[in-house]
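Residue numbers (the numbering used here), protein chains in the order written: chain C, 68 to 447; chain X, 1047 to 1122.
Note that these hints are calculated values from the structure, not bench results.
As the structure is a computational prediction, the values presented were derived from the model and not from experiment.
Keep in mind that the hints are not guaranteed to be accurate.
[To be verified] Capping the alpha-carbon separation at 25 Å, the derived lysine to any residue pairs in SDA-like fashion look like this:
| hint | chain 1 | residue 1 | chain 2 | residue 2 |
| --- | --- | --- | --- | --- |
| 1 | C | K346 | X | S1115 |
| 2 | X | K1059 | C | D369 |
| 3 | X | K1093 | C | D369 |
| 4 | X | K1059 | C | M313 |
[To be verified] Taking beta-carbon pairs under 10 Å as the criterion, some of the chain X residues facing chain C (in silico):
| hint | residue |
| --- | --- |
| 5 | H1054 |
| 6 | F1056 |
| 7 | K1084 |
| 8 | V1122 |
Note that the Cβ used here is the ideal one computed from N, Cα and C, for glycine as well.
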Amino acid sequence: MSKVNYDSLLKDYPFPPAVKEEIKAELERHGLKKTEAKKVIEKCFQTYLANLMEPGEAAGIVAAQSIGEPGTQMTMRTFHYAGVAEINVTLGLPRLIEILDVRKNPSTPMMTIRLLPEYAKDREKAREVANRIEATYVKDVADIEVDIRRFTILVRPDKKSLERKGLTVEDLKKKIEKALKVEVEETNEGLVIQITEPSYKALMAAFEKLKDTVVMGFKEIKRVIIRKEDDEYVLYTEGSNLKKIMKVKGVDFTRTTTNNIYEIYEVLGIEAARNAIIKEALDTLEEQGLEVDVRHIMLVADVMTADGELRQIGRHGVAGEKQSILARAAFEMTVNNLLEAAIRGEEDHLKGITENIIVGQPIKLGTGDVELVLKMGGKK
Amino acid sequence: MKFKLQDHMFVPKHEVLSKEEAEELLKILGIGKEQLPKIRADDPIAKEIGAKPGDIVKITRKSLTAGESVFYRLVV
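Just chain C, same shape as in the assembly (with noise of 0.2 Å):
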């Protein structure tokens, strides 16, 4: 039997690359011949078009009801143990609400980071990555005595922890003078501090700095955990800071990701946020069971994303910046947005949706959205 080259019958048909590939194996799987793919073909191309969207069609609406109703259904329950060993991340409802808001700071930010080839097999290697983002503070590596009397500070380094963090005391001498600008004493008890100002307050000030002083890592990274992932170990953070730890070496920034969508938007700009967006719902309402279809959460993506900046659904963001008074006052405060449309002077051409419907005229959508003419006498 011979080959048929479905691609080349396929070559004119306007369908999406992933339709076409799934007509092709299916052709190949029962190897017609021509003729019949031919016919198979057009089949398939009528049904696709029995199937695309129909101009005028209320997709937002679709949208809105589709990831409205199983959100109905979403528990209410803010806390969970994602699988993830230990962190705490948010879920269900609140997730989704946050994701929607495109809040700046998450309740529960946190990172996947995978690393390179040659540290993503080694556990020891995906530690010392680990041990890079991980904020660690002085009272971590070290005691902090104050001495009243003499108005020091004596930090005595943990020679234990040190080594597992991989520091020496050179490390820990130079960022304390750094973060306090002082000048830091070495002798055989540890690093002594000396207070220039001969106060109190100003001893226990310098002895709260030290305390939360970072000598390694990043502040924002709380906690790291190392997770083996098929056959590569995989970080998982508590916080997160995207553009610091994409430059960490050992970091595979390709795969490296955070639930922190603005901060995605920022680095990566807004096609990675829309992505960021799509995943993180699509996730969220997954992992509740609820089975919502990705085209109308991509609806919701591209228009928080339309702008070229982040959108938030909502009074502050696409709600309240439609043109038209009614339709803003229709959504939330009502009397706040008449007023200050009146103070304004402000005039509503009535080109929507919803201002049509509160002054009772036919509106511009599905069977609305066309209009019929009479051409008189045009008739032979």
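Please build the complex by placing chain X on the supplied structure of chain C, with the hints as guidance.
Frame of chain C; chain X shown alone:
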């Protein structure tokens, strides 16, 4: 190590359209430039590909439904 932001798995392919391509696109779509979705000139990716305000950026996305889909944004 110098890396390209475009290599990140979340970032689809961005290209600046030439003047002729842009004109042809607008003719096919039958719309004005301002009716396209926007991308900011200070967007990290727009900066990386050197897009200037007024340019049209062609974005080839990996789509969950269509496999691949093309999208256009106007640089503002």
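**Request:** Decide if the proposed pair is consistent with the structure: K346 (chain C) and S1115 (chain X), CA atoms, cutoff 25 Å inclusive.
**Result:** holds (17 Å)
| Taking 10 Å as the limit, does the beta-carbon of F1056 (chain X) come near enough to a beta-carbon in chain C? | holds (4 Å)
Query raised in the report: Is K1059 (chain X) close enough to M313 (chain C), meaning Cα to Cα at most 25 Å?
Result: Holds, at roughly 20 Å.
| Any CB of chain C closer than 10 Å to the CB of K1084 (chain X)? | Holds, because the Cβ-Cβ distance from K1084 (chain X) to chain C comes to roughly 4 Å (cut-off 10 Å).
Identify whether the interface hint at H1054 (chain X) stands, where standing means a beta carbon of chain C within less than 10 Å of its own.
The hint holds - H1054 (chain X) has a Cβ within 10 Å of chain C, the shortest such distance being about 5 Å.
- Query: Within a Cα-Cα threshold of 25 Å, do K1093 (chain X) and D369 (chain C) meet the stated pairing?
  - Reply: Holds, at about 21 Å.
- prompt: Is it true that the CA of K1059 (chain X) sits at most 25 Å from the CA of D369 (chain C)?
  reply: Holds - the C-alpha atoms of D369 (chain C) and K1059 (chain X) are around 17 Å apart, at most 25 Å.
- Query: Given V1122 (chain X) as an interface hint, is the shortest Cβ-Cβ distance to chain C below 10 Å?
  - Reply: holds (6 Å)
Of the numbered hints listed earlier, not one is contradicted by the structure.
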